[in-house]
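**Q** Residues per chain, in single letters:
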Amino acid sequence: MKQDLILNLYRIMKRIRLVEEEIALQYPKWEMRCPTHLSIGQEAVAAALSMCIRKDDFAVSTHRGHAHYLAKGGSLKSMIAEIYGKSTGCSRGKGGSMHLIDKDVGFMGTSAIVGNSIPIGVGLALSAHLNFTDQISCVFLGDGATEEGVFYESVNFAVLKNLPVIFICENNLYSVYSPLEVRQPKGRKISKMVESIGATSLSGDGNDVTNCYRIFRNSVNSVRSGLGPYFIEFFTYRYKEHCGHEYDNNLGYRSVAEFETWKKRDPIELCKKQLLETDLSLIRKLDKIDQIIKEEISDAFLFAQNSPFPEPQEAFSGLYADS
Amino acid sequence: MKMTQIITYAEAIQQAIQNAMDLDDGVICFGLGVTDPKGIFGTTLGLEKEFGKKRVFDMPASENAMTGIAIGASLNGIKPVMTHQRLDFFLLAMDQLVNGASKLHYMFGKQLNVPITIRLILGRGWGQGPTHSQSLQAWFSHIPGLKVVMPTTPYDAKGLLLSSIFDLNPVIFIEHRWLHSSIGEVPKGDYRIPLHSALQISSGKDITIVSMSYLTIEAKKATNFLKTKNIHCDLIDLRSIKPIDWKCIYDSVERTGRLLVLDSGFTTGSVSGEVIARVSMDLYQKLKSPPSRMACPDFPEPTSYALTKDYYISAGDIAKKITSILEVPSEEIDNFLPKPAPHDTPGDYFKGPF
Ligand SMILES: Cc1ncc(C[n+]2csc(CCOP(=O)(O)OP(=O)(O)O)c2C)c(N)n1
Ligand SMILES: [Mg+2]
Numbered sequence: 001m002k003q004d005l006i007l008n009l010y011r012i013m014k015r016i017r018l019v020e021e022e023i024a025l026q027y028p029k030w031e032m033r034c035p036t037h038l039s040i041g042q043e044a045v046a047a048a049l050s051m052c053i054r055k056d057d058f059a060v061s062t063h064r065g066h067a068h069y070l071a072k073g074g075s076l077k078s079m080i081a082e083i084y085g086k087s088t089g090c091s092r093g094k095g096g097s098m099h100l101i102d103k104d105v106g107f108m109g110t111s112a113i114v115g116n117s118i119p120i121g122v123g124l125a126l127s128a129h130l131n132f133t134d135q136i137s138c139v140f141l142g143d144g145a146t147e148e149g150v151f152y153e154s155v156n157f158a159v160l161k162n163l164p165v166i167f168i169c170e171n172n173l174y175s176v177y178s179p180l181e182v183r184q185p186k187g188r189k190i191s192k193m194v195e196s197i198g199a200t201s202l203s204g205d206g207n208d209v210t211n212c213y214r215i216f217r218n219s220v221n222s223v224r225s226g227l228g229p230y231f232i233e234f235f236t237y238r239y240k241e242h243c244g245h246e247y248d249n250n251l252g253y254r255s256v257a258e259f260e261t262w263k264k265r266d267p268i269e270l271c272k273k274q275l276l277e278t279d280l281s282l283i284r285k286l287d288k289i290d291q292i293i294k295e296e297i298s299d300a301f302l303f304a305q306n307s308p309f310p311e312p313q314e315a316f317s318g319l320y321a322d323s
Numbered sequence: 001m002k003m004t005q006i007i008t009y010a011e012a013i014q015q016a017i018q019n020a021m022d023l024d025d026g027v028i029c030f031g032l033g034v035t036d037p038k039g040i041f042g043t044t045l046g047l048e049k050e051f052g053k054k055r056v057f058d059m060p061a062s063e064n065a066m067t068g069i070a071i072g073a074s075l076n077g078i079k080p081v082m083t084h085q086r087l088d089f090f091l092l093a094m095d096q097l098v099n100g101a102s103k104l105h106y107m108f109g110k111q112l113n114v115p116i117t118i119r120l121i122l123g124r125g126w127g128q129g130p131t132h133s134q135s136l137q138a139w140f141s142h143i144p145g146l147k148v149v150m151p152t153t154p155y156d157a158k159g160l161l162l163s164s165i166f167d168l169n170p171v172i173f174i175e176h177r178w179l180h181s182s183i184g185e186v187p188k189g190d191y192r193i194p195l196h197s198a199l200q201i202s203s204g205k206d207i208t209i210v211s212m213s214y215l216t217i218e219a220k221k222a223t224n225f226l227k228t229k230n231i232h233c234d235l236i237d238l239r240s241i242k243p244i245d246w247k248c249i250y251d252s253v254e255r256t257g258r259l260l261v262l263d264s265g266f267t268t269g270s271v272s273g274e275v276i277a278r279v280s281m282d283l284y285q286k287l288k289s290p291p292s293r294m295a296c297p298d299f300p301e302p303t304s305y306a307l308t309k310d311y312y313i314s315a316g317d318i319a320k321k322i323t324s325i326l327e328v329p330s331e332e333i334d335n336f337l338p339k340p341a342p343h344d345t346p347g348d349y350f351k352g353p354f
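Line by line, the protein sequences are chains D and V. When the letters of the first sequence are read in order and numbered with the working numbering, they come out as residues 1 to 323. When the letters of the second sequence are read in order and numbered with the working numbering, they come out as residues 1 to 354.
Just so you know, these hints were derived from the structure itself, not from any lab.
Pairs of lysine-lysine residues, derived as BS3-like cross-links and limited to a Cα-Cα distance of at most 30 angstroms, are as follows:
| id | chain 1 | residue 1 | chain 2 | residue 2 |
| --- | --- | --- | --- | --- |
| 1 | V | LYS309 | D | LYS29 |
| 2 | D | LYS192 | V | LYS54 |
| 3 | D | LYS240 | V | LYS38 |
| 4 | V | LYS38 | D | LYS29 |
Sample of chain D residues lacking proximity to chain V, with all beta carbon distances greater than 10 angstroms (derived):
| id | residue |
| --- | --- |
| 5 | GLN3 |
| 6 | SER127 |
| 7 | GLY204 |
| 8 | TRP262 |
| 9 | LEU282 |
| 10 | SER323 |
Quick reminder that beta carbons are idealized off the backbone N, C-alpha and C, glycines included.
Working from the sequences, and respecting the hints, build out all of it.
**A** See below:
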């Protein structure tokens, strides 16, 4: 794989990581007053996809959507402002962290209800199909969402109509504090199960960004050329608590050993190692990348903090679309 | 040994489930997070340990199927208590609830009955936003065959939950998240509060206030303040949204001739609308002024801190409304009942999670 490409993957992941870490740092000032689900540890899948799709492709996501929004090209400033509840936010303060949107880049929204955006993504794929375009639709979901009936119904329809959709399941082993073993039968392979519905299905290491990239390059090509839906299950891990800025290993629902094992396979560290193994002098380049990202992030936070709140009366407008 | 204790609303819920499971081996308790370290805001803590994994369990994120499964089990001697951390998550299960649970007894000529209890928690504050804050008791009360309760105090929470669990019909049991840490005196052991009884909290000749759930807390502040201004309110906490205790409301309105209904749901099609409709039809002659209501605006709850400032009804708003109905001055209300700040938490004591 070309070095430039890997550097780009590194940059996108690192940007997501540093944004999320800044949110975690600022959160206890209690100015971002909405439930916030961080993607720290889960950056690779989003970053890899972003290098394989076009701006006019669609994506939808979940409560844990920051990484997906940024990877699709969503405006950083608008996202941070939204989390701060400002009028310059991507949903004008109506939606918060769990309702991100940037239509300019085909990011068509996230939902706070598990499974809720899955059929929306399929509907966007249907629209591409009806409009005779070669756009594809990317549906991000968690392992928990595969337990909702709407997931099966959506995959079924996508397969039935051979729609240009990729279901991207980030299996981080948990739904809130509930491990897979209290939710799904032992030995279940989500990708195998979905394969039997008729979607081309794969699973892969979601912390190895170059591996994710290879998987996406093939699957995006296939879906775009009309060969029908894909389902990809990526194994990955969230570091922070389900919702909020803190670590929660003290609660005991997952073991410190498990956490440490995953941290040793940190997607950004793995990628960095891969780069430096080929060329130690890249370290300066990486530092430079980090520096540029940090400046962008600090600009975005300043923008958000200095933006005005919406007027309280705004709450009582915007219910219906005007003709 | 003392027969009562001072405990939180969350502990009262936990005790009700514990007592019910003790009394009847058929009672089971499940829902997303029921066995997790936080135990649904403390309401299910310790149950798995005491009653075992068979009767107390976490579940897949499959709200519709799990509701149907509860219904099926209930047809054969099981009394399921299912919990959702937000009412909004239960909306995925409307088919099983509305086309199933509510109708099986009627539709099969009284041969089946569905003794399930569904606990729903209403979110509010800290940017819960459009899909984590909906107070949809009106939806459920619209469906023939369902019972709907919304307890306000720890005492009522326990007594009503025990009654709900042992009722022969499906009961929607709605808890406001801002009530979980409130405290009150609660009897030990089993006691029941009928599922059709309102509670008169204070009596006064000037106006009847009908309220529900967390709004009753705000209404109490308002009516206590007004008492110092020589305005005396009949404050009625509905407790049961379906069936409604009409006698309690009618007796009061007959005495006061005035009515204000407080509703945590959206305005249009709300329970408050039903109360006002019936009172207007049945007690028209007794009314001294048009009935009024205060409910949430017909807009989703926005997320931004700035946007929720005027969204919810506070004690000051209620007091002002009452004075305007009675056509008396409202001057000191802003001083004594200022808008809470920050307005998106129930108080400094509350440290989340939401
Ligand atoms: C229908 C519904 N049920 C339950 C919830 C509560 N909830 C919010 S996030 C979440 C976890 C979902 O797990 P998963 O899909 O694996 O996503 P992850 O949080 O791990 O990214 C749950 C259960 C919800 N928002 N919607
Ligand atoms: Mg998960």
